[in-house]
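Peer 1: Go by the hints and put chain B onto chain A.
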Amino acid sequence: MAERVFARKMEKVGFADVWIGEKIPYGIHDAALYPLFTPELIRLMERLIPPDRQGSVAIAVIAKARKP
Amino acid sequence: MSEDLLYQTEVKAAVQAAYSAIGSGGGEPVARRLYTEEQLAGLPAAAIAWALGVGNPVLHAELRPGETVLDLGSGGGVDTILAAREVGPTGRAIGIDLLDEMVERARGHAREAGVEHWTEFRRGEMEDIPLPEASVDVVISNGVINLSPRKSRVLAEIHRVLRPGGRMCVADLTVEDDLPPEVLTSDAAWAG
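In order, the protein sequence lines correspond to chains A and B.
Residues in the first sequence are numbered from 497 upward in steps of one, following this note's numbering.
Residues in the second sequence are numbered from 1250 upward in steps of one, following this note's numbering.
The following block holds chain A by itself, in its conformation from the complex (with noise of 0.2 angstroms):
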């Protein structure tokens, strides 16, 4: 999910305030500290993502958001 997906998301359910920050790269290395990624899923992203987005395949995000 993209993140203006999630913060639309968020604001068409009724949350007011909404926020997504912090916004850490997320790599196939980080991906491989996780016992929920196979071996060969990792494998399969290494040789299917270019070399140069294997870094940050996806963004850690912290979203806040307040209850009107």
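Honestly, I wouldn't trust all of these hints.
Keeping only pairs whose Cα atoms sit at most 25 angstroms apart, straight-line, the calculated DSS-like set for lysine-lysine is [to be verified]:
id, chain 1, residue 1, chain 2, residue 2
1, A, Lys519, A, Lys508
2, A, Lys519, A, Lys505
3, B, Lys1400, A, Lys508
4, B, Lys1261, A, Lys505
5, B, Lys1261, B, Lys1400
6, A, Lys508, B, Lys1261
7, B, Lys1400, A, Lys505
8, A, Lys519, B, Lys1400
Since the hints were made in silico from the structure, they are not lab data.
Peer 2: The following block gives chain B in isolation, referenced to the frame of chain A:
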């Protein structure tokens, strides 16, 4: 009968199977990246071993003593325990997880951390939170909402259980560029 065109059942089953299959979380390498030394101090080693988050929602949630906090997808209970320490015995920390074994595990970790008297763990789904309307001050979660095939439904449920003026503070992954279809269609990618 309606057809599950978005494969929600399959996605949910894949996520559940992936979490049931693992024997531990990311452990210290993950925990040390996410949490402060102060937070890690006093956390049971077994809870740290089950760290599976992607951020540190408790650090950003500005929790106050006496508040009721809900941790959606509480897993091994790390963030619930950290939240319980912030709200203290006059508050309440509730962890909800899809898996019975995670709920049991987290209960043990909370006991070990000494926060069990104001902390509880329940089995439940984030798309159908087993709590009454307007019963919670703060909702946190850590790398969990992205696992749901019904993210809007999850957000609507968070909104429902929050009291007016309540807040959500979640850590999660966003993806801005398309990933290769072989990766996107992998069960492990959904679960991770």
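Peer 1: Run every hint past the structure and note whether it holds.
Peer 2: These are the hints, each one checked on the structure:
1. A/Lys519 - A/Lys508: Between A/Lys519 and A/Lys508 the Cα gap is close to 22 angstroms, so the pair holds against 25 angstroms.
2. A/Lys519 - A/Lys505: Holds. A/Lys519 to A/Lys505 sits at ~18 angstroms (cutoff 25 angstroms).
3. B/Lys1400 - A/Lys508: Holds, at about 12 angstroms.
4. B/Lys1261 - A/Lys505: holds, 20 angstroms
5. B/Lys1261 - B/Lys1400: Holds - the C-alpha atoms of B/Lys1400 and B/Lys1261 are around 12 angstroms apart, at most 25 angstroms.
6. A/Lys508 - B/Lys1261: Holds: A/Lys508 and B/Lys1261 sit about 24 angstroms apart, inside 25 angstroms.
7. B/Lys1400 - A/Lys505: This hinted pair holds, its Cα atoms lying about 8 angstroms apart.
8. A/Lys519 - B/Lys1400: Given pair A/Lys519, B/Lys1400 holds - Cα atoms ~20 angstroms apart, limit 25 angstroms.
The structure agrees with every numbered hint stated previously.
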